[in-house]
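**Q** As given, the protein sequences belong to chains A and B, one line each in that order.
Residue numbers for the first sequence, in the numbering used here: 1 to 355.
Residue numbers for the second sequence, in the numbering used here: 1 to 355.
It should be emphasised that the hints constitute simulated quantities derived from the structure, not laboratory data.
Keep in mind that a hint or two might mislead.
Same chains, same label: a pair holds when it works inside one copy or across any pair of copies.
[Unchecked claim] Think about it this way: if two alpha-carbon atoms lie no more than 25 Å apart in a straight line, the pair counts; the simulated PhoX-like pairs of lysine-lysine are:
1) 40 <-> 116
2) 331 <-> 188
3) 40 <-> 138
4) 64 <-> 141
5) 179 <-> 331
6) 40 <-> 64
7) 64 <-> 116
8) 141 <-> 188
9) 141 <-> 179
Computed from a predicted structure; not experimentally measured.
Listed below are the residues making up each chain.
There are 2 protein chains.
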Amino acid sequence: MVLSEAVLADPVALTRALCDIPSVSWNEAEICDAVEAALKPLGHLTTERVGNTLIARTELGRDKRVMLAGHLDTVPVNDNFPTRTEGDVMWGLGTSDMKSGTALALWIAATVTDPKFDLSFAFYDCEEIEAEHNGLNKLAKTRPELLAADFAILLEPTYGLVEAGCQGTMRARVTLRGKRAHSARSWKGENAIHRAAPVLERLNAYEAREVEVNGCAYHEGLNAVFIDGGVAGNVIPDECRVEVNYRFAPDRDEAAAEAHVREVFDGFEVEITDSAPSCRPGLDRPEAAEFVAAAGGEFRAKLGWTDVARFATLGIPAVNFGPGDPNLAHKQDERVEIPRILSCADALRAYVEAP
Amino acid sequence: MVLSEAVLADPVALTRALCDIPSVSWNEAEICDAVEAALKPLGHLTTERVGNTLIARTELGRDKRVMLAGHLDTVPVNDNFPTRTEGDVMWGLGTSDMKSGTALALWIAATVTDPKFDLSFAFYDCEEIEAEHNGLNKLAKTRPELLAADFAILLEPTYGLVEAGCQGTMRARVTLRGKRAHSARSWKGENAIHRAAPVLERLNAYEAREVEVNGCAYHEGLNAVFIDGGVAGNVIPDECRVEVNYRFAPDRDEAAAEAHVREVFDGFEVEITDSAPSCRPGLDRPEAAEFVAAAGGEFRAKLGWTDVARFATLGIPAVNFGPGDPNLAHKQDERVEIPRILSCADALRAYVEAP
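Take the sequences, apply the hints, and build the full model.
**A** Here is the structure:
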């Protein structure tokens with residue numbers, strides 16, 4: 001599939017073209033080839049391909065560098081490929097999550113030759129599967145210099161609203177231990193499930209913080225997401241496990257989040273099982289504030305975790321901004337409103353073009 | 001396998017002979033054939049076979065009738081078949097659970113022709129598997145007249161001590177409900193796992209009854225045996241289940257036990273999932289008291305559940321009494337002490353023989 005100059009100049013046609021190249025995770029070679037073929041010949045860009053991730057950059061010597069990023073893969077086809085367009089709505093796999101956003105980054109890359117900032121673009125693979133395969137995650141670990149920027153915009157679906165930063169997420173396992181015995185002689189054992197009562201009491205009593213960072217209101221949460229224990233119907237159980245999920249605002253890093261979880265469950269056996277960092281919104285930086293202004297002035301905190309945190313680990317503040325409706329991601333009836341593609345395109349262009 | 005007159009007259013030889021007929025559950029035809037062939041010709045007994053369960057009875061017109069019962073099956077072979085005897089110890093599958101006990105019932109049946117009470121004998125199949133297949137359970141439901149008696153002795157292993165009655169056992173599920181939400185916006189949901197806290201608190205605060213019935217001290221217990229809940233690591237769970245096991249003394253029937261469980265968890269959603277009745281020790285009956293005296297005068301409450309409760313459902317008090325060590329049941333190194341077979345044999349014979 002060749003992306004013609006005419007398609008590259010039209011965000012809607014480009015969204016449709018990208019959606020109509022199948023690219024379920026692990027199968028991004030064809031779409032990455034198409035993106036590389038479109039950008040490599042352009043004089044204002046340098047490109048570097050790493051696997052099925054393509055990085056393109058301007059080298060104009062501007063004071064600031066802004067990154068636009070989007071993943072190339074989709075979740076599996078669910079009787080929603082290729083696209084079809086009815087009136088103002090384009091239906092199909094990837095229309096919301098996130099080829100309409102990725103198309104905007106590609107459109108800016110192909111058409112804005114004299115931007116206000118130096119621009120970097122990341123088109124990456126394997127976002128919809130385990131984090132270890134995520135192209136952006138791998139690059140952040142192995143080639144961080146390719147991601148260097150002062151500010152990043154991840155074009156994930158936000159329905160055209162700037163969603164700044166993201167909360168971190170940590171999972172911890174609280175293990176209660178006891179002693180097995182036959183339940184007909186229960187006093188000879190120690191019931192580990194009963195010992196979970198004060199753990200659950202602490203969760204019930206927990207008051208989650210609400211924190212403002214750069215004008216964004218974050219709302220934390222600490223919750224049990226799993227509980228299990230038990231050996232057999234006639235045995236006093238010797239172990240019970242409560243898995244909790246702590247969603248933490250970007251004023252806390254992972255170390256502070258872990259310290260907090262351990263403090264809440266002081267006196268209990270706690271193991272951190274999984275963790276992903278928060279990302280500061282960075283709206284105190286001029287290049288971020290300018291983007292918010294270009295996007296209409298409104299913004300809110302991103303509460304869910306997204307790949308913006310990959311940038312956070314490199315010290316780069318980042319926001320989410322894309323035309324798709326996040327509630328339609330991964331749904332069979334995924335779709336995008338064409339006017340929203342166009343309004344997001346206008347905002348991005350206004351932001352990156354020289355005044 | 002033919003059980004000779006000499007073998008039938010010797011409780012130790014008879015234990016060995018029964019153990020050396022393989023009879024893992026579902027494979028009791030051969031051993032039941034052998035028992036039937038031994039008892040059917042005897043003039044003082046009538047016999048009736050139902051599947052692989054054999055009932056034998058004297059019809060002497062005595063005032064009282066006493067039942068001796070034992071199951072014919074074993075758990076699967078575990079490199080412990082056939083028996084071997086070293087000094088005073090007979091090793092092998094079934095030696096403790098419960099062919100040494102079953103052999104005593106068969107020995108009494110074959111050799112005591114003029115007992116003090118009318119005697120009934122039940123040799124039954126499928127005790128070591130699901131209760132629905134249990135030969136005694138099936139007979140209690142379909143042919144209860146065959147089990148009629150004033151008192152029953154189940155020859156399960158008790159190491160020669162009278163263990164009277166048994167506690168009942170009931171399982172109930174307490175279900176907590178909530179509302180799912182993404183854990184990044186946990187306040188939009190209602191956490192069902194957190195709602196288990198007061199259930200576990202009630203279990204922690206629970207004071208189990210200690211009850212004396214006919215001089216037997218029973219000790220109840222109410223315990224969580226399973227807990228589970230959770231949907232995914234990023235979802236506020238909408239359901240949590242706590243399964244509790246109530247072991248109840250024989251002064252409570254199943255209806256009273258259920259009422260108690262529902263009272264303890266008043267205000268919660270409770271479902272009774274499984275129940276087996278208690279069995280009163282019945283030691284206030286002369287025929288039971290005489291047996292305790294014959295067995296040495298000592299007795300204690302049976303806390304675990306056994307098939308004596310099958311008799312309880314027919315209104316028949318029952319005790320457990322057998323030469324095996326209950327702690328060796330289902331173990332690879334199952335064994336029985338020959339002197340204990342003999343002392344139990346003496347006690348039984350003294351009990352059933354005319355003075």
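**Q** Need the list of violated hint numbers for this structure, in ascending order.
**A** Numbers 8, 9 - these are the hints that the structure violates, sorted from lowest upward.
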